[in-house]
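Participant: Construct all of the structure, not just a fragment, from the sequences and the given hints.
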Amino acid sequence: MTAFTVVTAGSAPGLPVPATPKQVPHRGGEANPSAEALRAKFGGAILRVEVVWGETNVIVAMDRALEIIRWLHDDPSQSYEYLSDVTAVEFRDSTLPIEVIWHLRSIKHRRFLRLKGMIATGQPLAAPSVYDIYKGADWLERECYDMFGIVFEGHPDLRRILLWEQYAEGFPLRKDFPLRGRFSRAEQLRQALAANPEARYSMEELSVADAYAELPQDMRARIKGGESTGE
Amino acid sequence: MGLIDAPTPSVVSVDPAHSEGWVATRLDFLVNWGRANSLWPMPFGTACCAIEFMASAASKFDLARFGMERMGFSPRQADVLICAGRVPFKLAPVLRRIWQQMPQPKWAISMGACASTGGMFDNYAVVQGIDTIIPVDVYVPGCPPRPEALIHAIMMLQKKVMKETMSSTPREEMVPDPTSQLYIPPSRIDTLSQAFGNSIPQTRSGQ
Chain A
1 MTAFTVVTAG
11 SAPGLPVPAT
21 PKQVPHRGGE
31 ANPSAEALRA
41 KFGGAILRVE
51 VVWGETNVIV
61 AMDRALEIIR
71 WLHDDPSQSY
81 EYLSDVTAVE
91 FRDSTLPIEV
101 IWHLRSIKHR
111 RFLRLKGMIA
121 TGQPLAAPSV
131 YDIYKGADWL
141 ERECYDMFGI
151 VFEGHPDLRR
161 ILLWEQYAEG
171 FPLRKDFPLR
181 GRFSRAEQLR
191 QALAANPEAR
201 YSMEELSVAD
211 AYAELPQDMR
221 ARIKGGESTG
231 E
Chain B
232 MGLIDAPTPS
242 VVSVDPAHSE
252 GWVATRLDFL
262 VNWGRANSLW
272 PMPFGTACCA
282 IEFMASAASK
292 FDLARFGMER
302 MGFSPRQADV
312 LICAGRVPFK
322 LAPVLRRIWQ
332 QMPQPKWAIS
342 MGACASTGGM
352 FDNYAVVQGI
362 DTIIPVDVYV
372 PGCPPRPEAL
382 IHAIMMLQKK
392 VMKETMSSTP
402 REEMVPDPTS
412 QLYIPPSRID
422 TLSQAFGNSI
432 PQTRSGQ
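Those protein sequence lines, which keep their order, are chains A and B.
Heads up: the first sequence is residues 1 to 231, going by this note's numbering.
Heads up: the second sequence is residues 232 to 438, going by this note's numbering.
Keep in mind the hints are simulated off the structure, nothing from the lab.
There could be a bad hint or two in this list.
Unchecked claim - Here are the simulated DSSO-like pairs of lysine-lysine, each with C-alpha atoms no more than 30 angstroms apart in a straight line:
hint, chain 1, residue 1, chain 2, residue 2
1, A, Lys224, B, Lys321
2, A, Lys175, B, Lys394
3, A, Lys41, A, Lys116
4, B, Lys391, B, Lys291
5, A, Lys108, A, Lys22
6, A, Lys41, A, Lys108
7, B, Lys321, A, Lys135
8, A, Lys108, A, Lys135
9, A, Lys135, A, Lys41
Stated by the list, open to error - Computed Cβ-Cβ distance ranges for the label pairs, DEER-style:
hint, chain 1, residue 1, chain 2, residue 2, range
10, A, Arg185, B, Gln308, 50 to 60 angstroms
11, A, Arg92, B, Glu379, 39 to 49 angstroms
12, A, Ala9, B, Asp421, 54 to 64 angstroms
13, B, Asp421, A, Arg92, 50 to 60 angstroms
14, B, Thr363, A, Tyr212, 45 to 55 angstroms
15, B, Gly373, A, Gly14, 56 to 66 angstroms
All residues carry an ideal CB built from backbone N, CA and C; glycine is no exception.
Facilitator: The structure is reproduced here in structure tokens:
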């Protein structure tokens, strides 16, 4: 069990009263103070800092991203307690790198920070998993893997979440993925109907021992390891 | 009911002196009249069409006027499957399983553009019309259809039910494919489900 500490919003001293920002410039403006702190702490691992529409993007070296996020979470002067999103962007221009994006929020300091890690063309699609820091990253990283095929190294259970596990057509949000999928409609329907709903939807009704042979590989491994199917 | 025209008018002469109430009619008509006016829907709502379906069932439009008083959220106690909304491929085996679980006679209404054709979702994830999975009796156009459109579809279905005859070929159930993972042999069904019935034990598989 994890012990949680209660954080009151804006509990850090000396914070301005929140107000809706007005006339925010597209580029430039005041950066999030965390960006400067990151520069001081990690130096060369912080590749670029840009302020877009009043929000700070910090482009970090992928191999140190985990270390940076852990520091942002743990350090009392930063205390980014909340991971609001993990996602990725691929551009239509295939020479541009694929970006893996973490949205961090500090409730205590009322700060929002966007971290970006770049995966250059030709590099393996891999990023560090922040599951150890934020348990909420579990499904976010699974969705990102499902849609882009980015492997989050260190994730305990990385498998498809929106599409079914036998889905063989690829990763739908990649730019080289055709809108209607790769297979014919008939083949897509045949594969979909061949799925066994019980293996996914009512494990409690069937005895697990009965359904065991039809379960996906990873689920069999988990049950074998003593994990219960119920919550 | 006033909503449904009897297929053929029959003339019955009644002698008022003999006030024993009896009436002569065709058995087909009587059975169909009963079925058409007590269609129990099984809502399969996946998207915004289901909101319109709820509006149809609520007090303003009141599907209960059409004998659809009871919403069956169990396919075993339902006559009409109303598929309201888009069906992704992941849900396709579930929808078909639900259809196979409904007892005969049964009908299906495909409500809205997405359920009927895939609608605007001509993409990798959405079934292009549920008639590729189950047989559909009435298609309702609209995105989403207004409750009046659904009610019109239900009245069309009632007319269709009224035209059925007992001698006509029964609706073909989809032949179970033993190679499909959806197939459960009858012996397996009886192992999984308990026998029911008071004095005479009956089985779910019917064998």
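Participant: Could you run down the list of hints and mark each one as holding or not?
Facilitator: Now for the hints, and whether the structure bears them out:
no.: 1; hint: A:Lys224 / B:Lys321; verdict: holds (26 angstroms)
no.: 2; hint: A:Lys175 / B:Lys394; verdict: violated (52 angstroms)
no.: 3; hint: A:Lys41 / A:Lys116; verdict: holds (17 angstroms)
no.: 4; hint: B:Lys391 / B:Lys291; verdict: holds (26 angstroms)
no.: 5; hint: A:Lys108 / A:Lys22; verdict: holds (23 angstroms)
no.: 6; hint: A:Lys41 / A:Lys108; verdict: holds (21 angstroms)
no.: 7; hint: B:Lys321 / A:Lys135; verdict: holds (27 angstroms)
no.: 8; hint: A:Lys108 / A:Lys135; verdict: holds (19 angstroms)
no.: 9; hint: A:Lys135 / A:Lys41; verdict: holds (25 angstroms)
no.: 10; hint: A:Arg185 / B:Gln308: 50 to 60 angstroms; verdict: violated (34 angstroms)
no.: 11; hint: A:Arg92 / B:Glu379: 39 to 49 angstroms; verdict: holds (44 angstroms)
no.: 12; hint: A:Ala9 / B:Asp421: 54 to 64 angstroms; verdict: holds (58 angstroms)
no.: 13; hint: B:Asp421 / A:Arg92: 50 to 60 angstroms; verdict: holds (57 angstroms)
no.: 14; hint: B:Thr363 / A:Tyr212: 45 to 55 angstroms; verdict: violated (32 angstroms)
no.: 15; hint: B:Gly373 / A:Gly14: 56 to 66 angstroms; verdict: holds (57 angstroms)
Figure legend: structure checked against the earlier numbered hints; hints not met, in rising order: 2, 10, 14.
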